[in-house]
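Protein chains in written order, with numbering that gives the first Met the number 0: chain A, 0 to 210; chain B, 0 to 348.
Treat each hint with caution, since some may be false.
To be verified - Computed beta-carbon distance windows for the label pairs:
1) 137/A - 281/B: 50 to 56 Å
2) 137/A - 78/B: 31 to 37 Å
3) 42/A - 265/B: 30 to 36 Å
4) 53/A - 281/B: 25 to 31 Å
5) 67/B - 78/A: 42 to 48 Å
6) 206/A - 265/B: 51 to 57 Å
7) 80/A - 82/B: 33 to 39 Å
8) 272/B - 84/A: 50 to 56 Å
9) 210/B - 34/A: 53 to 59 Å
10) 42/B - 12/A: 42 to 48 Å
11) 100/B - 12/A: 16 to 22 Å
12) 52/A - 87/B: 23 to 29 Å
Hints were generated in silico from the structure; no laboratory data involved.
As the structure is a computational prediction, the values presented were derived from the model and not from experiment.
Note that CB positions come from ideal geometry on N, CA and C, so glycine has one too.
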Amino acid sequence: MEDLSKLYDAILVGNFKQAREVTEKALAEKVDPQTLVQKHMIPAMDEVGRRYEANEYFVPELLIAARAMKASLELIRPLLTARGDSFAGRVVIGTVKGDLHDIGKNLVAAMLEGAGFEVIDLGVDVSPEKFTSAIKERKANLVAMSALLTTTMSSMKNIIEAIKAAGLRNQVRVMIGGAPVTDKYAQEIGADGYSSNANGAVALARKLVAA
Amino acid sequence: MTSRDRWLALFADEKPDRIPTDYWATDEVTARLQRELRCATKEELYCKLSIDGLTDIEAPKTVEHHPDDPEADIWGLRRAPINYGGGVYDEFANHPLADITTVEQVHAFKWPSADDRDYVQFARSLRDASRHRVIRAGDFEPFLLYCAMRGMEQAMMDLVTEPEIAQAALDHIFDYHYSVNQRLFELGKGQIDVTYVAEDLGGQTALLFSLAQIRKFILPNQKKMADLARSYGIHVFYHTDGAARDIIPDLINVTGIEVLNPIQWRCPGMERESLARDFGDRVIFHGAIDNQQTLPFGTTQDVRNEVLDNIRIFSGRRWICAPCHNLQPITPTANITTMYETIHEYGRL
Chain A
0 MEDLSKLYDA
10 ILVGNFKQAR
20 EVTEKALAEK
30 VDPQTLVQKH
40 MIPAMDEVGR
50 RYEANEYFVP
60 ELLIAARAMK
70 ASLELIRPLL
80 TARGDSFAGR
90 VVIGTVKGDL
100 HDIGKNLVAA
110 MLEGAGFEVI
120 DLGVDVSPEK
130 FTSAIKERKA
140 NLVAMSALLT
150 TTMSSMKNII
160 EAIKAAGLRN
170 QVRVMIGGAP
180 VTDKYAQEIG
190 ADGYSSNANG
200 AVALARKLVA
210 A
Chain B
0 MTSRDRWLAL
10 FADEKPDRIP
20 TDYWATDEVT
30 ARLQRELRCA
40 TKEELYCKLS
50 IDGLTDIEAP
60 KTVEHHPDDP
70 EADIWGLRRA
80 PINYGGGVYD
90 EFANHPLADI
100 TTVEQVHAFK
110 WPSADDRDYV
120 QFARSLRDAS
130 RHRVIRAGDF
140 EPFLLYCAMR
150 GMEQAMMDLV
160 TEPEIAQAAL
170 DHIFDYHYSV
180 NQRLFELGKG
190 QIDVTYVAED
200 LGGQTALLFS
210 LAQIRKFILP
220 NQKKMADLAR
230 SYGIHVFYHT
240 DGAARDIIPD
250 LINVTGIEVL
260 NPIQWRCPGM
270 ERESLARDFG
280 DRVIFHGAID
290 NQQTLPFGTT
300 QDVRNEVLDN
310 IRIFSGRRWI
320 CAPCHNLQPI
330 TPTANITTMY
340 ETIHEYGRL
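Isolated chain A, as found in the complex (with noise of 0.2 Å):
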């Protein structure tokens, strides 16, 4: 039998190819997926985002944490996927129209996906009509976007706004992040939440979504 809690370890070190091994091993084993996630991934994801906040881990160690978790997810979604099980929430995240700073953004869709969420990621240089049509046929229930620079920033009133005119306000609620963002701001353009960090972006999905 294998040692799952050794995909918890595989995770908090970034250790990829155990994280996928671990997995291999498992799954043949016919251990229940929901079990890897609920009771290793995320919790293992969510000690990562604690050595971050309390200064222990920081971006170099965040990446290769979300690699590993990557490594095993990869092997788990479509298990899940296949059998109908519900996610946490439905993402979809992008950076907003001319903005090609991806690292935040990666992080929290990473960190997102560690904590069982299903991530719909549209990349960079994501315009309002992309992000609306990912919502409606996805039927996401959560949208994230990022803004680096304080010239592309205002795209994310503008995203807001067509997804009000595409009628789909009700159904997904929105959060923010990037350097010069603010909470102001989110509060400004009417977003639902913003987070200035990947590990306070999780807190913020789950409230909003439990709300």
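Fit chain B to the given chain A structure using the hints.
Below, chain B alone, put in the same frame as chain A:
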């Protein structure tokens, strides 16, 4: 006092006649300001707004492209213009070290040579430069370049998972800049005032890297570069974005920086009062006019208040008034002129 005298007075720990100023902006902003303020040249703009600034002198490249990629620069980087609305940034379109897995491959990459710069032209530019402003030559920001060459996320992960690859590449980048700077400093002996050393170590809320990572990968080469500058009597101007408080003692004690830019005081730990109190006797603060909220989105009264706050907070310390990083096209002209008018009106020492 000339603009140069003003800056040099700070380096000598003497009192200039007024708080010196500097200017950082995107090309679009400079073009707009020149147009709106009817200035034919950047020099006229500096005079009109009483900007001290500095003069950058470069040694032009004699080789523009990488031997294996005629469309790439000397580091093998291709660029693509990205319109962000109101302006254009060149973003990197490839990462030439992305697929490298061994140190041998790092060494086998065709690194640029310091020979491929026009030092005759550099000496000529230096000779012809006005002595009215401080002269800056040489720069060094190796990890930023490594991120471009490797891909940012991989570059950051390398610090944990592929430390030998990161170190080898950073050393190649260092060797090139050290050789270039050595030649610039030698040719410009006694004429260069300032050199730039930089690395973005802070994010919006915390350091991007651990102290151990910074001390291992960043500081040793930085110190060598700063020591080189110092041996020529050149002052070290240091740039790091963000919440960098925890590394400032190392920057002062190990690297030996003299100017700290840009003082993003809204970031945790970067509060001006505490920086002035804890480090104000050892570094000159440069920047500190917020470029994420106040300048782009504040009113002229907000800008004015911030300049006045800084005058008060940095009183008895050394401060060069400048925007925190490049002014962006979204920034109203009135906010920019207010910043310079306020410091001109109240910055007399």
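Against the structure, the hints:
Checked against the hint of 50 to 56 Å, the pair residue 137/A and residue 281/B passes, with Cβ atoms roughly 54 Å apart. For residue 137/A and residue 78/B, the hinted distance range of 31 to 37 Å is satisfied, since their beta carbons lie about 34 Å from each other. Here the CB-CB span from residue 42/A to residue 265/B is close to 34 Å, well matched to the stated 30 to 36 Å. Separated by about 29 Å at the C-beta atoms, residue 53/A and residue 281/B satisfy the suggested range of 25 to 31 Å.
At roughly 44 Å, the beta-carbon separation of residue 67/B and residue 78/A lies within the given 42 to 48 Å, and the hint holds. Between residue 206/A and residue 265/B the Cβ separation comes to about 25 Å, which falls outside the hinted range of 51 to 57 Å. Checked against the hint of 33 to 39 Å, the pair residue 80/A and residue 82/B passes, with Cβ atoms roughly 37 Å apart. Our hint of 50 to 56 Å for residue 272/B and residue 84/A holds, since their Cβ atoms are close to 52 Å apart.
About 38 Å separates the C-beta atoms of residue 210/B and residue 34/A, a value inconsistent with the hinted range of 53 to 59 Å. For the pair residue 42/B and residue 12/A, the beta carbons lie near 56 Å from each other, so the given range of 42 to 48 Å is not met. Separation of residue 100/B from residue 12/A is about 20 Å and conforms to the stated range, judged on CB atoms against 16 to 22 Å. At roughly 37 Å, the beta-carbon separation of residue 52/A and residue 87/B lies outside the given 23 to 29 Å, and the hint is violated.
Of the numbered hints stated above, those contradicted by the structure are hints 6, 9, 10 and 12, listed in ascending order.
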